[in-house]
Every structure is written in structure tokens, then in C-alpha cells.
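Chains Y and C, in that order, give the protein sequences.
Okay, so the first sequence: first residue is 5 according to my numbering, each after it adds one.
Okay, so the second sequence: first residue is 5 according to my numbering, each after it adds one.
If you are wondering where the hints come from, they were derived from the structure by calculation, not from laboratory data.
One or more hints might be untrue.
[To be verified] Selected chain C positions facing chain Y (Cβ under 8 Å, derived; list incomplete):
(1) 87
(2) 113
(3) 114
(4) 115
(5) 116
(6) 125
(7) 127
(8) 129
(9) 131
(10) 136
(11) 137
(12) 138
(13) 141
(14) 143
[What the hints assert, rightly or not] Interface residues of chain C toward chain Y, partial, derived using beta-carbon atoms under 7 Å:
(15) 79
(16) 82
(17) 108
[As the list claims (entries may be wrong)] Some chain Y residues flagged as far from chain C (calculated, every beta-carbon gap over 10 Å):
(18) 7
(19) 14
(20) 15
(21) 25
(22) 73
(23) 92
No residue lacks a Cβ here, since even glycine has one placed at the ideal position from N, Cα and C.
Take a look at the letters that make up each chain.
Protein chains: 2
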Amino acid sequence: MTILLKEASQAMVRSGTRMTAQRQLILEYLFEKLSHPSAEEIHKAIYADYPKVVSITTIYNNLRTLKELGLVREFYLLNSGVARYDTRLGHHHHLVCGDCGRIEDWLGPAPTPIQQGAALGDNGFLPESFTMEIRGTCQSCAVSGGQARSRAV
Amino acid sequence: MTILLKEASQAMVRSGTRMTAQRQLILEYLFEKLSHPSAEEIHKAIYADYPKVVSITTIYNNLRTLKELGLVREFYLLNSGVARYDTRLGHHHHLVCGDCGRIEDWLGPAPTPIQQGAALGDNGFLPESFTMEIRGTCQSCAVSGGQARSRAV
Numbered sequence: 005m006t007i008l009l010k011e012a013s014q015a016m017v018r019s020g021t022r023m024t025a026q027r028q029l030i031l032e033y034l035f036e037k038l039s040h041p042s043a044e045e046i047h048k049a050i051y052a053d054y055p056k057v058v059s060i061t062t063i064y065n066n067l068r069t070l071k072e073l074g075l076v077r078e079f080y081l082l083n084s085g086v087a088r089y090d091t092r093l094g095h096h097h098h099l100v101c102g103d104c105g106r107i108e109d110w111l112g113p114a115p116t117p118i119q120q121g122a123a124l125g126d127n128g129f130l131p132e133s134f135t136m137e138i139r140g141t142c143q144s145c146a147v148s149g150g151q152a153r154s155r156a157v
Numbered sequence: 005m006t007i008l009l010k011e012a013s014q015a016m017v018r019s020g021t022r023m024t025a026q027r028q029l030i031l032e033y034l035f036e037k038l039s040h041p042s043a044e045e046i047h048k049a050i051y052a053d054y055p056k057v058v059s060i061t062t063i064y065n066n067l068r069t070l071k072e073l074g075l076v077r078e079f080y081l082l083n084s085g086v087a088r089y090d091t092r093l094g095h096h097h098h099l100v101c102g103d104c105g106r107i108e109d110w111l112g113p114a115p116t117p118i119q120q121g122a123a124l125g126d127n128g129f130l131p132e133s134f135t136m137e138i139r140g141t142c143q144s145c146a147v148s149g150g151q152a153r154s155r156a157v
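Excised from the complex, chain Y in its bound form:
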């Protein structure tokens, strides 16, 4: 069991939630992949190895539980209503490849006005946090000339 999975397991014990086989499979997948998958992608990947253990409903129910426990974050890309899941809970941004759809994390600096804590916009908006979605091309697609184009997201 990885350190992250052990910590998640301990957090579940503290909250009185059982670490079931299904929850462990979902967390293992998320910790290993860090690919910001949707519930359907998680289901497809786990179902390939454990067809009798997980249904899509099981995945949805357990993702909700893990989210409520603060072990998993649900988020949406700017152009999609499909929920994606992340075990990286700290502040970060998303680099989205327009060719293959891969989502990488990036810990970039804030734009200057936000760094300076300035009020933003015409009406004096006071910023507290910010997240960027940056679209472009990942290195693999840049090298291959975007041959793997699927426009997945």
C-alpha cells in the first residue's frame, strides 16, 4: 500500500468509513494515473480487470463518498459538463492538450494584479483564489505533429 493510500485509509478510519475493495481500487487508480479521469473512464479501466467487483453506479457512489471525505476533488473543464476527478488537492492549474485531451497539472505564478492583491474588474472584486485552464499542445503531440489527434476534451 502506498503512503498516499495509507493516509487515505487512515482518514477513512477516522471518519468511521470502511475502506472497501471498491474504494481501494478507485483510489489506487487515481493515485497511480493522475490523469483526471471521468467516472466512466475509471469504471472502464477497473472493470477490465475486475468485472464482477465494480458497476458504474458503484463508481459514482464511491466517488461521492471519497469527495465528501475530502480525499478526491471533483472538477469540470471550461467546455465540458463531464465531472473529472483528482487526488491532487492543493492549489494547481490544468494544462489541457487540444490534440490528445491529456490534462497535466501546473503550479504556475499568479498574474501580477492577483499577486499584488489588487481589486479586479470595474467593480472592485476582491480575489481570494484563482485557477487557470491553459489550452495548448503537450510535448508528445508537438513531437508527433498531433498525429494522435482525438480532441477528446
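Knowing the structure of chain Y, use the given hints to seat chain C on it.
Positioned in the frame of chain Y, the structure of chain C alone reads:
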């Protein structure tokens, strides 16, 4: 008819799409409000004045048509799978008030690495565009001490 609505009407004529009463009501609402409403919010607002003219299905169908014509943009906030609609089509960011849920637009500068066109992340991601979602407090809520808290988004 406002200039924007006239331009939208001309764009529809060019594409061979009729400017129906329903489409005009939706566009008028979006151009007037600039509040990034959901389909349900648009329906509620228009239905109050025209209960026999628009159903929620009509709203959804017409929003899809207007989106396909490039007159309306559909987007999602980071924490919500509810589609929101915008007639401001140029590059801009969103200031989201955590108290009242109001969404303002902001034309802020890019963070320095993006301004410099640098490759981002550990794997040389090449950025092309970026959008920020900035959470904080709008001036009205800051002045009122967040008395209008609804955590709508």
C-alpha cells in the same frame, strides 16, 4: 433592436436560420443581463413575462442553435456541471463571488510565463490560450458583509 441583436439577426440570416420570437427573447435577455445564466435561469426569467411562448425544452433547443451559430458560448465553472451561457465571445476571465454567486468578466493580463510564450510544466507543454476562474468577493457583498450569502455557485 440593439446593435448587438441586429448583428446576431444578420448572422442568422446569413446562415439561413430564422430569428424566431423565442431566439430574440433569449438573445435580448443574454445581451441585457451579461450575468452568465444557466438555461433554467433564462427560462425562469423569460417565462415570468411570456408563459405561453417558452418552455424549458424550447430554451435548450434554441441555446444549442445559437451556440452552433457562434452567437452564444456555453461554459462550465470549475465546480459545477451546470452549463452557463455568455454572449461575450472574446477572450476574458471570470470573477466568481463566493457569497452571492455573481459572475463578472475580467480582461486581466496573463501570468509572466504565458506572456513570454514559455513551455509550461515538467513536460514542455506549449500554451495557446488560457482562461482564469477567480473566486473572491464582489464589491456588493464586501460592503454588506456578505449578508446576501447564498453560495449559489
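Taking the hints in turn, this is what the structure says about them:
1. 87: Where the cut-off is 8 Å and the nearest Cβ of chain Y is about 6 Å from residue 87 (chain C), the hint holds.
2. 113: holds (5 Å)
3. 114: Hint holds; residue 114 (chain C) Cβ to chain Y Cβ min 6 Å, cut 8 Å.
4. 115: OK, holds: residue 115 (chain C) within 8 Å of chain Y, min 5 Å.
5. 116: With a closest approach of 6 Å, the residue 116 (chain C) hint holds.
6. 125: holds (5 Å)
7. 127: holds (5 Å)
8. 129: With Cβ-Cβ at 4 Å, under 8 Å, it holds.
9. 131: Hint holds; residue 131 (chain C) Cβ to chain Y Cβ min 4 Å, cut 8 Å.
10. 136: Holds, because the Cβ-Cβ distance from residue 136 (chain C) to chain Y comes to roughly 5 Å (cut-off 8 Å).
11. 137: Since chain Y brings a Cβ to about 5 Å from residue 137 (chain C), closer than 8 Å, the hint holds.
12. 138: holds (4 Å)
13. 141: holds (5 Å)
14. 143: holds (4 Å)
15. 79: holds (5 Å)
16. 82: Given a least distance of 5 Å, the restraint on residue 82 (chain C) holds.
17. 108: holds (5 Å)
18. 7: Its Cβ never comes within 10 Å of chain C, the nearest being 21 Å, so this holds.
19. 14: holds (27 Å)
20. 15: Answer for residue 15 (chain Y): holds, closest chain C Cβ roughly 21 Å.
21. 25: holds (28 Å)
22. 73: Holds, since 17 Å exceeds 10 Å.
23. 92: It holds; residue 92 (chain Y) is separated from chain C by about 13 Å at its closest Cβ, greater than 10 Å.
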